[in-house]
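As a plain string of letters, each chain reads:
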Amino acid sequence: MIGPARNRTASRLALAALVALTAVVTLACGQDYYEIAVETPIQPKLDVSPFQRVLVAGFVSGGSDDVDANLETVRLLRSQLRTKSQLKVIDADVMPLNEIAQDQSKPAGATNDSTAAEPQAAASSSDPTALPKSIKEEKDLEPYERLFANTSYWKNIGEEYQNPLIVTGTVLFAPKTASGFVNREVEEFDGLGRRRVTPQRTYQERKGFVLRPKFVFIDGRTGATMYSETFREEILYPSQQNTPALSSYFELMDRLVPSFLSALSSQKIKGTRVLLN
Amino acid sequence: MKARFAAFAAMLVLSASPALADARGDAKQQVAFGINVAQRGLWREAIYRWERAVEIDPTFAAAYNDLAIGYEHEGQLDKARKAYEKALQLDPGNTQIRQNYDLFKEINDRTGQKSDSQ
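Chains as they are written, first to last, in the working numbering: chain A, 1 to 277; chain B, 1 to 118.
These are computed hints drawn from the structure, not numbers from a lab. No experiment lies behind these values; they were computed from the predicted model shown. It cannot be assumed that every hint is accurate.
[To be verified] FRET-style restraints, in silico, Cβ to Cβ:
| no. | chain 1 | residue 1 | chain 2 | residue 2 | range |
| --- | --- | --- | --- | --- | --- |
| 1 | A | Glu35 | B | Asp26 | 23 to 29 Å |
| 2 | A | Arg255 | B | Lys79 | 24 to 30 Å |
| 3 | B | Asp78 | A | Thr202 | 40 to 46 Å |
By construction, the Cβ of each residue, glycine as well, lies at the ideal position given by its N, Cα and C atoms.
Model the full assembly from the supplied sequences, consistent with the hints where possible.
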């Protein structure tokens, strides 16, 4: 009699232990979750406290003839800075930096008329440091970057506008085509009329644009570059879709503007996260 | 012999589980309180509660997740990253923690983007 009774006790204890263990596991795993809005503050990358004013001077630009990337970038950044930074935005004519860089690259004494430009163009084919006349791709922009190292030029500009922070740089906005497999969702209905969405990989010709801006921040008091940052974004659509170049430009700039602003002023990035219990 | 072993095992589990459950239970209370106050916008109080929760139960992944969110909201991005990483280390298969971390990284990578010069 003792043997079976002891066995029964042990079985009960084991069962109790199992129940306790299940309770612990349930307590540990039974998870509630709550979606919550967060606003992440981002500190500015640049100390702009010495400046009261900002001059978005202009950009060396190229890539597409459909959009004047210099003019549009200046307009967009000025309007963003007006509403989202403490600095006073200087209203000035947009500087034609492509031409200014071309003028600066000419040997001293060269004239600016069309007759002088031809030998210059001819010379450019043999001179690797010469500036390309038209900017179609990223490598065409590189020689233009010498302009931003010209401290005396930028110091003069700074003096003209009472020593502001100067924003300049390069912008390439160019068309792009690509083809490849893309995922798309296909809607299907079965015999009972139930809807089902299944992912499908299909080969597609696509076209769109690539935007590659480089923002250069120059101290207007000294003409020296304080900081620079390069971005690259692209957007592709099905080749049948006709999207105006200007709306693609703004769509791509929309993605970059928060990063641009975060260099100058503290930003709050809104989002949602999931709290767990 | 088998019965003795079963009884011993049962005793061991029974004696250990209340302690485990107590720590987790206390930590869960802190976490729940933290969530409650965070929903009212009292993020500093929430962070204090979640810090208490991970002190009480350092194996509580959800508490680290919530703490990371609190740090993120306060702009303490280094602390947030460490807390997310700890949460994922404790519960690597948790898709909600992974999703939070991915969203955080997007912001963190953007702010830490390398400049070209200076």
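Checked hints:
A hinted range of 23 to 29 Å holds for the C-beta pair A:Glu35 and B:Asp26, which are about 25 Å apart. In this structure the supplied range 24 to 30 Å holds for A:Arg255 paired with B:Lys79, their Cβ-Cβ distance being about 28 Å. A hinted range of 40 to 46 Å for the beta carbons of B:Asp78 and A:Thr202 is consistent with their spacing of about 43 Å.
Violated hints are absent here; each numbered hint is respected by the structure.
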